[in-house]
Amino acid sequence: MQTRTMEIGVGLFLLAGLLALLLLALRVSGLSVADSADTYKLYANFDNVAGLTVRAKVTMAGVTIGKVSAIDLDRDSYTGRVTMDLQKRVDNLPEDSTASILTAGLLGEKYVGISVGGDEALLKEGGVIRDTQSALVLEDLIGKFLLNTVNKDSK
Amino acid sequence: MRQISMLDRIALFGRVGIAVLEALGRSTLFLLHVLLGRNGVGNGFQLLIKQLYSVGVLSLAIIVVSGLFIGMVLALQGFNILVDYGSEQAVGQMVALTLLRELGPVVTGLLFAGRAGSALTAEIGNMKSTEQLSSLEMIGVDPLKYIIAPRLWAGFISMPLLAMIFSVVGIWGGAMVAVDWLGVYEGSFWGNMQNSVNFQDDVLNGVIKSIVFAFVITWIAVFQGYDCEPTSEGIGRATTKTVVYASLAVLGLDFILTALMFGDF
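These protein sequence lines map, in sequence, to chains A and B. Just so we're aligned, residue 0 is where the first sequence starts under numbering that gives the first Met the number 0, counting upward by one. Just so we're aligned, residue 0 is where the second sequence starts under numbering that gives the first Met the number 0, counting upward by one.
Bound-form chain A, shown alone (with noise of 0.2 Å):
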């Protein structure tokens, strides 16, 4: 009798670590099952990628639609070459369509936006999105903005 309520204690004690690691999957870390198979992947090329991370969503009207799976640099065109997994039930992105890199509130994080275009033909596996819109670089900006204020104080 008392090996039995042992082996139910060790029974139950394995079962709450399976059951936590269960629950860290799918309550914690939103892991979906059969991800990998249902996305098409897009490529972007973009002036400039900075902060865009890896893992950034990729959405389309606030919904997102998928993810960006890697960042590296176009040799040829010396621009930023963004790919991303997108899900399979979006496959009906014109070709035309734009992304651009945008902000989730002043200081949040990156992430890329995509904005419908109006061509017939649509975007297929691999395919590129030329029409982009790099990300806002807020030194840049304040850049322009001195060097507007100089211009204007020496007319």
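Keep in mind that the hints were calculated from the coordinates and are not lab data. A few of these clues could be false.
Coverage of chain B stretches by chain A, computed from C-beta distances (three or more under 8 Å per stretch; other residues unrestricted) [stated by the list, open to error]:
(1) 160-169
(2) 224-232
If you want the ones that stay clear, here's a sample from chain B, every Cβ over 12 Å from chain A, calculated [what the hints assert, rightly or not]:
(3) L11
(4) S53
(5) F68
(6) V106
(7) N125
(8) S133
(9) G139
(10) V176
(11) D200
(12) V202
(13) F254
If you only want the chain B side, here are some residues facing chain A, beta carbon under 10 Å, derived [what the hints assert, rightly or not]:
(14) Q45
(15) L47
(16) I48
(17) L51
(18) T97
(19) S157
(20) W189
(21) G205
(22) I207
(23) I210
(24) V211
Where is the CB? At the ideal position from N, CA and C, for every residue including glycine.
Given the coordinates of chain A, assemble chain B onto it according to the supplied hints.
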């Protein structure tokens, strides 16, 4: 005269170095013997269950209680700082990342060294000093297989599970404080957490950390017990050594593992 004392000092230094190296070598050989010699134990599974009970299940209470309080304190402190910047929704991701990456494995490791590691050392040391280990050898049972191996495996298995339970309870405690008490919106609490926590980078790396800690702590604990002086004073010293060495090893290894996992080399 002075020359000799200088030499003596160097000799003392050398003696300490040799002792440390000897202990390292002995403990490695000991570990190999325990892990590789796996035949001849008839009811090994029963022995393992018994040790899982005393190492794992009995440590559950302290893990759950401290996890709950650490999660609650993290949420409270984080909220007080984040509310100044108007981003108190980020408290969920802060609590979750802190617990999963660092505090879960490390605090569980420290508590495990104090609760289970010291108990293992004292138990094995007591067996040695009352000559139970040599009696086992006399009747032809290998004490490494019968006494040490099940305790080692029980430690390996239960500590990662305890670390995961610690994280879950901590996050639950944090949610309780942040959402129910301080009034952070529940949707953004969990949503921010799920957006920023990655299963592979955060959860699995935390589990890997806890597996490494489990290995080191249990190894130190059973070796100190097996290697101690068979006197009551020796058992006391060995138990102290277990807690001190295991805690230092956990903290030191944590830095190395964090540098490897999150350091971007």
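So, going through the hints one by one against the coordinates:
For the region 160-169 of chain B, the stated coverage by chain A is satisfied: 6 residues place a CB nearer than 8 Å to a CB of that chain, which reaches the threshold of 3. Under a criterion of three residues with beta carbons nearer than 8 Å to beta carbons of chain A, the stated coverage of the region 224-232 of chain B fails, only 0 such residues being counted. Even its closest Cβ contact with chain A, about 47 Å, leaves L11/B beyond 12 Å, as expected for a residue assigned away from the interface. A Cβ of chain A approaches the Cβ of S53/B within 12 Å, the least distance being about 9 Å, so the stated non-interface status is violated.
A cut-off of 12 Å between C-beta atoms confirms that F68/B is not in contact with chain A; the least separation is 17 Å. At the 12 Å boundary, the C-beta of V106/B stays outside the reach of chain A, the nearest C-beta of that chain being 15 Å off. Residue-level check passed: N125/B sits 21 Å from the nearest beta carbon of chain A, beyond 12 Å. The Cβ of S133/B lies farther than 12 Å from every Cβ of chain A, with a closest approach of about 27 Å, so its non-interface assignment holds.
No Cβ of chain A comes within 12 Å of the Cβ of G139/B; the nearest lies about 25 Å off, and the non-interface call holds. Residue-level check passed: V176/B sits 16 Å from the nearest beta carbon of chain A, beyond 12 Å. Listed as a non-interface residue, D200/B fails to keep its Cβ farther than 12 Å from every Cβ of chain A; the least gap is roughly 9 Å. The beta carbon of V202/B sits about 5 Å from the closest Cβ of chain A, which is not more than 12 Å, so the claim that it is off the interface is violated.
F254/B, annotated as away from the interface, keeps every beta carbon of chain A farther than 12 Å; the closest lies near 23 Å. A cut of 10 Å between beta carbons decides the hint on Q45/B: the least distance to chain A is about 7 Å, and the hint holds. A cut of 10 Å between beta carbons decides the hint on L47/B: the least distance to chain A is about 9 Å, and the hint holds. The criterion of a C-beta within 10 Å of any C-beta in chain A is met by I48/B, whose closest approach is roughly 5 Å, and the hint holds.
Hint status for L51/B relative to chain A: holds, with the closest Cβ pair at about 5 Å, below 10 Å. Given the 10 Å rule on beta carbons, the hint for T97/B is violated: about 12 Å separates it from the nearest Cβ of chain A. Interface hint status for S157/B: upheld, as the beta-carbon distance to the closest one in chain A is roughly 7 Å, under 10 Å. A least Cβ separation of about 7 Å between W189/B and chain A falls short of the 10 Å threshold, and the interface hint therefore holds.
The interface hint given for G205/B is met, as the beta carbon of that residue sits about 8 Å from the closest beta carbon of chain A, less than 10 Å. Look at I207/B: its Cβ only gets to about 13 Å from chain A, farther than 10 Å, so that hint breaks. The restraint placing I210/B at the interface with chain A is violated, with a minimum CB-CB distance near 12 Å, outside the 10 Å limit. Among the interface hints, the one on V211/B is violated; its C-beta lies about 17 Å from the nearest C-beta in chain A, farther than the 10 Å criterion.
Taken one by one, the earlier hints fail for this structure at numbers 2, 4, 11, 12, 18, 22, 23 and 24, listed in ascending order.
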